[in-house]
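Single-letter residue listing:
2 protein chains.
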Amino acid sequence: MESQQYQELLEKIKSRQPLDTEMLDEVMHPADIVSVLDEDDITDEDLKWFFSANNKEFLADVLEDADDELQSRVVHQLKYADIIKIFSYMPKDEIADILGDLPIGQRKELLNMMKLSDSRELRVLLGYRDDTAGGLMTTEYIAMYQDLTISQALAKIREIAPKTEIIGTIFVLNRKRQLVGWADLRDILSTDPDQTIEDIMDPHVITVDPLMDQEEVAQVVRKYDLTALPVVNRRHSLLGIITADDIMDVMVDEQTEDILHMGGVSGQEEIGGPIIVSLKRRLPWLIINLATAFIAASAISMFSSVISQVVALSSIMTIVSGMGGNAGSQTLSVAIRGLTLGEINLKDDWKLVFKEVLLGLLDGAAIGLITGVIVSIRYGNAYLGVVTLLAMIGNLIIAGIAGYLIPLIIEKTGQDPALSSSIFLTTATDTCGFFIFLGLAQIFLPLLK
Amino acid sequence: MESQQYQELLEKIKSRQPLDTEMLDEVMHPADIVSVLDEDDITDEDLKWFFSANNKEFLADVLEDADDELQSRVVHQLKYADIIKIFSYMPKDEIADILGDLPIGQRKELLNMMKLSDSRELRVLLGYRDDTAGGLMTTEYIAMYQDLTISQALAKIREIAPKTEIIGTIFVLNRKRQLVGWADLRDILSTDPDQTIEDIMDPHVITVDPLMDQEEVAQVVRKYDLTALPVVNRRHSLLGIITADDIMDVMVDEQTEDILHMGGVSGQEEIGGPIIVSLKRRLPWLIINLATAFIAASAISMFSSVISQVVALSSIMTIVSGMGGNAGSQTLSVAIRGLTLGEINLKDDWKLVFKEVLLGLLDGAAIGLITGVIVSIRYGNAYLGVVTLLAMIGNLIIAGIAGYLIPLIIEKTGQDPALSSSIFLTTATDTCGFFIFLGLAQIFLPLLK
Numbered sequence: 001m002e003s004q005q006y007q008e009l010l011e012k013i014k015s016r017q018p019l020d021t022e023m024l025d026e027v028m029h030p031a032d033i034v035s036v037l038d039e040d041d042i043t044d045e046d047l048k049w050f051f052s053a054n055n056k057e058f059l060a061d062v063l064e065d066a067d068d069e070l071q072s073r074v075v076h077q078l079k080y081a082d083i084i085k086i087f088s089y090m091p092k093d094e095i096a097d098i099l100g101d102l103p104i105g106q107r108k109e110l111l112n113m114m115k116l117s118d119s120r121e122l123r124v125l126l127g128y129r130d131d132t133a134g135g136l137m138t139t140e141y142i143a144m145y146q147d148l149t150i151s152q153a154l155a156k157i158r159e160i161a162p163k164t165e166i167i168g169t170i171f172v173l174n175r176k177r178q179l180v181g182w183a184d185l186r187d188i189l190s191t192d193p194d195q196t197i198e199d200i201m202d203p204h205v206i207t208v209d210p211l212m213d214q215e216e217v218a219q220v221v222r223k224y225d226l227t228a229l230p231v232v233n234r235r236h237s238l239l240g241i242i243t244a245d246d247i248m249d250v251m252v253d254e255q256t257e258d259i260l261h262m263g264g265v266s267g268q269e270e271i272g273g274p275i276i277v278s279l280k281r282r283l284p285w286l287i288i289n290l291a292t293a294f295i296a297a298s299a300i301s302m303f304s305s306v307i308s309q310v311v312a313l314s315s316i317m318t319i320v321s322g323m324g325g326n327a328g329s330q331t332l333s334v335a336i337r338g339l340t341l342g343e344i345n346l347k348d349d350w351k352l353v354f355k356e357v358l359l360g361l362l363d364g365a366a367i368g369l370i371t372g373v374i375v376s377i378r379y380g381n382a383y384l385g386v387v388t389l390l391a392m393i394g395n396l397i398i399a400g401i402a403g404y405l406i407p408l409i410i411e412k413t414g415q416d417p418a419l420s421s422s423i424f425l426t427t428a429t430d431t432c433g434f435f436i437f438l439g440l441a442q443i444f445l446p447l448l449k
Numbered sequence: 001m002e003s004q005q006y007q008e009l010l011e012k013i014k015s016r017q018p019l020d021t022e023m024l025d026e027v028m029h030p031a032d033i034v035s036v037l038d039e040d041d042i043t044d045e046d047l048k049w050f051f052s053a054n055n056k057e058f059l060a061d062v063l064e065d066a067d068d069e070l071q072s073r074v075v076h077q078l079k080y081a082d083i084i085k086i087f088s089y090m091p092k093d094e095i096a097d098i099l100g101d102l103p104i105g106q107r108k109e110l111l112n113m114m115k116l117s118d119s120r121e122l123r124v125l126l127g128y129r130d131d132t133a134g135g136l137m138t139t140e141y142i143a144m145y146q147d148l149t150i151s152q153a154l155a156k157i158r159e160i161a162p163k164t165e166i167i168g169t170i171f172v173l174n175r176k177r178q179l180v181g182w183a184d185l186r187d188i189l190s191t192d193p194d195q196t197i198e199d200i201m202d203p204h205v206i207t208v209d210p211l212m213d214q215e216e217v218a219q220v221v222r223k224y225d226l227t228a229l230p231v232v233n234r235r236h237s238l239l240g241i242i243t244a245d246d247i248m249d250v251m252v253d254e255q256t257e258d259i260l261h262m263g264g265v266s267g268q269e270e271i272g273g274p275i276i277v278s279l280k281r282r283l284p285w286l287i288i289n290l291a292t293a294f295i296a297a298s299a300i301s302m303f304s305s306v307i308s309q310v311v312a313l314s315s316i317m318t319i320v321s322g323m324g325g326n327a328g329s330q331t332l333s334v335a336i337r338g339l340t341l342g343e344i345n346l347k348d349d350w351k352l353v354f355k356e357v358l359l360g361l362l363d364g365a366a367i368g369l370i371t372g373v374i375v376s377i378r379y380g381n382a383y384l385g386v387v388t389l390l391a392m393i394g395n396l397i398i399a400g401i402a403g404y405l406i407p408l409i410i411e412k413t414g415q416d417p418a419l420s421s422s423i424f425l426t427t428a429t430d431t432c433g434f435f436i437f438l439g440l441a442q443i444f445l446p447l448l449k
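Sequences listed follow chains Z and B, in order. The first sequence lines up with residues 1 to 449 when you count with this note's numbering. The second sequence lines up with residues 1 to 449 when you count with this note's numbering.
No lab work stands behind these hints, which were simulated from the structure alone. All values derive from a computational prediction rather than experimental measurement. There could be a bad hint or two in this list.
Just so you know, same-sequence chains aren't split out, so a pair can sit in one copy or run between any two.
Unchecked claim - As a list, the in silico DMTMM-like pairs of lysine to aspartate or glutamate whose alpha-carbon atoms are at most 25 Å apart: (1) LYS48 / GLU121; (2) LYS56 / ASP67; (3) LYS79 / GLU159; (4) LYS355 / ASP82; (5) LYS156 / ASP187; (6) LYS223 / GLU64; (7) LYS92 / GLU270; (8) LYS163 / ASP40; (9) LYS280 / ASP147; (10) LYS176 / GLU57; (11) LYS355 / GLU121; (12) LYS223 / ASP41; (13) LYS108 / ASP253; (14) LYS163 / ASP225; (15) LYS115 / GLU254; (16) LYS85 / GLU198; (17) LYS48 / GLU165.
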């Protein structure tokens, strides 16, 4: 994208200069035009003008590349007739996503204005949740009966091709319209025209149920390196297909969710989004964190007489608890990733906890030794160093166990382990860290003074 | 995948029963066969038998679906002649990946045993780092001169199609072999056979440089919803193409890296992997963390006389510092995600820090008020509550600033912001948390006793 074209388009929109969309289509990709429309100084009025004034086929390409927020702004600005015209150039799964975000009344009116065959397909797509296979699928694919000859098939492909999203894979149906196989366009192109589709099809198709969660769907697509994944119902009728580009969007959304969840933010939040959304997503988790912070702090309160006799303990204890949190986060991130990729589960792999115990022992010994030596020198008391070493080993073993088991147990209950495991982890490492260290200090108190 | 077939195959391999690979290919997907070969009880000897005894075309499909580790185990077990035969059925990018992991001597011997045209292509692919566009690209695509007629093009497609990874997109070259456009197979199929490719091609191709980092490549593919992305050199010669399935693998790898980096683990680590790898990946970061923990602890040491006079401070201070860390992680995760998706950068968006300051103020006021009230009641001293409130607001504002700016600044220096930002963050929130809280306590000491 050249930034000169970008600036020019922005100025033309602001000054309402007529656009030569054919020319624009030549020099800018729809995704780049979307970037212009996403600029802060593009108002709703600008969008209204842009989407009312121009060629509807061109606008369909642009609208398809826009994100949910921009799509809904546009749809709210346009007349229904214009929306219907733009929709006529868009794939059904995209239209269903836009309709799904509209108020129910508006959605119904738009559906009623469409061709009956279109609105029927859309009503089916709208029946599935966005984050399921049914919500992701599109109805633009090529399907053929198995008894067609290759030459009949080719004629049909020529006719349907412009309307499909996927051309490399042709889905094969029996006369009951059940999915019985798939054929590769490569084979169709290079086979004797008198053979039938059945002769060259591969009967082994990987399919998914429309209710499958999008994260699992992404795992299937990745495992089998698919460019199109068919969705079938229990009768094995083909309902639609899911394409690789939609799976990439799913992967990004799921990744965003995981990273935000691990940071203690629930749901979607963009860095530049409204402050009230950020507050809603973050404050509840901070309050939960606060409750756990009080638990850890009360472990300290239990030992206030020990601390008042050896004040140095108050600064060393934060090192022991903090290092437990750090080591636990390491285990936690490896475990959460293993869960997301489907590589571990509690039932088969609980024994791996022993590896984490051993790691905690080794890391704890190394870190504890360094800390112990520094503490001994700094406060001129070797016993204080030994207490620190022992507490560090103990807390890092607990960190390993907690960091490994917490996400596995949360996942077992059907929740997202990324969302709350770090809260449980730090509760464990802070509380145990303070308790072990100050407890040991109490036992050896006469030697520490 | 049916688990009966899975068990049967496992038993057949263990008992060295001859396999009917044609039959096996019918009932199991290569990715599922790989799952069997990945089982713990499959030894190197089993692999050697499996890959020596069977049909090489079938084995090529299986080897292609295996991960790096299994591929390298197989290659180490096989005779060179067998490897070369299997390679002859595999795409070049996969072969290059396998060769790239071999010791240099073995790699050279294998290259020398291949057909000259194959080894030449592979040497080019091997010249690029794995994590660049050049390392990801494959040379199996369809390219045609622009002056061919549609009927000539179709004949050529029929001939080349079986050897390519991508068929939907045909790349168009001029007679200097420079990439000048692309054509959609749909259009070729439905156009008058006497027209030329040039008539129907789209001259606007999005291309990347072979040295582009894989994370950027993935962003380009996602932004423009591409199924194939051409890689060109400075002369605009087509070097290869990158396909969507390889991009999905990149996305998963990058995501794993981000999550592990955020948890303080450098590089790749699997939960079930060897303990020595885990130790190497984790201990260095714990030692860096330890250094920062000492910085925070020394902030406490500065106020030991204050703590010895009001011991309650030693437990409350951990709440103030801990909540700063929690609030900072929230901002950090949103900022890191924004950076990964290319949505923010330091130059244009540094002003967003004011949003984080405001959020810190609001969150800090809410959390500080709750904490302050509880502290006032628990210790029977309202001034202690006020000091807690003020310190909490101060620390949460610092957390917001640090959580936002640290990853942006690290990214600006060309490093991965996920890797070290949480260390800098907790250093800031712990040190400042202790300092502000204990500093305020020192000022108001007469009122707190």
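- Task: Taking the numbered hints from earlier one at a time, note which ones the structure violates and give those numbers from smallest to largest.
- Result: 1, 3, 4, 7, 8, 9, 10, 11, 13, 15, 16 and 17
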